Amino acid sequence: MKKIFAVALLALATFTMNAQDFKKFRFGPTAGLNVAKATSLDASMTIGFNVGARAEYNFSDNFYLGAGLLFTQKGYKWKGIMPNGANLKTNPYYIEIPINAGYRYNFNDKVSVFGEVGPYIGFGIAGKYKAEGYESTKFFGDEGKVMAATLFGPGVEPKRVDFGLGFAAGVEISKFQVRLGYELGLTNIYTGGCKNRNLYVGLSYMF
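Each residue of the sequence shown is one higher than the one before, counting from 1 in our numbering.
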């Protein structure tokens with residue numbers, strides 16, 4: 001799976017190194033708001049964020065391949081789950097690489113709409129469990145294993161890899177892109193179950 005992403009990113013980089021193709025390549029910063037939750041839990045949504053960079057290689061005026069490198073926050077809120085009745089909030093952070101095939105319809109030189117779909121892979125690097133009356137603990141690593149086992153049972157632990165499918169649509173006006181997207185997690189957050197879900201809105205500027 002990792003090899004597929006590596007090959008795709010290498011192919012995109014190869015295109016950019018060709019002077020003749022450089023004009024077909026675009027990149028720029030991006031930032032947005034996440035509304036994340038987890039499946040299979042009686043938990044509600046939590047607000048997070050994403051920030052990073054996106055790149056595109058345009059095969060034509062309409063078709064393109066997009067990739068990104070994002071720092072993104074997901075998680076969930078679980079009401080009254082702690083022994084003292086406190087709510088639990090999680091905020092795992094991932095380094096995420098989305099790769100999307102996209103189609104763009106151009107109204108004119110400055111205004112277009114687009115849609116894209118493709119896989120993403122995220123690597124968990126930080127985050128915490130937080131609950132009133134308790135000391136916060138790390139989401140990943142040894143502390144995360146202890147908390148996960150306390151919540152779900154012995155042997156359950158957080159998984160660092162988050163793989164799934166992403167869908168997005170948006171509008172571009174004078175190089176500014178507004179994107180509305182949804183991430184459908186396909187791998188478990190914990191051993192044994194529970195997957196990430198994330199609805200997001202983002203703003204990008206493409207040079």
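Worth flagging that the hints you see were computed from the coordinates, not collected in a lab. Just so it is clear, the structure is predicted and the values come from calculations on it, not from any experiment. Every residue, glycine too, gets a C-beta built ideally from N, C-alpha and C. A hint or two may mislead.
[As the list claims (entries may be wrong)] Distance ranges between label pairs, derived from CB positions:
hint : residue 1 : residue 2 : range
1    : GLU132    : ILE95     : 26 to 32 Å
2    : ALA31     : GLY192    : 30 to 36 Å
3    : PHE63     : VAL178    : 17 to 23 Å
4    : LYS23     : VAL113    : 50 to 56 Å
5    : VAL113    : VAL146    : 43 to 49 Å
6    : ASN108    : PHE71     : 20 to 26 Å
7    : LYS23     : ILE125    : 33 to 39 Å
8    : ILE95     : ASN62     : 26 to 32 Å
9    : THR39     : TYR134    : 20 to 26 Å
10   : VAL113    : THR187    : 18 to 24 Å
11   : LYS23     : GLU132    : 20 to 26 Å
12   : PHE107    : LEU199    : 52 to 58 Å
13   : GLY85     : ASN62     : 20 to 26 Å
14   : PHE167    : GLY192    : 36 to 42 Å
[As the list claims (entries may be wrong)] Straight-line Cα separation of at most 27 Å, DSS-like style, residue types lysine-lysine; simulated pairs:
hint : residue 1 : residue 2
15   : LYS79     : LYS37
16   : LYS79     : LYS23
17   : LYS138    : LYS175
Item to check | Hint check, failures only | outcome: Violated hints: 4, 6, 10, 11, 12, 13, 14, 16, 17; rest satisfied.
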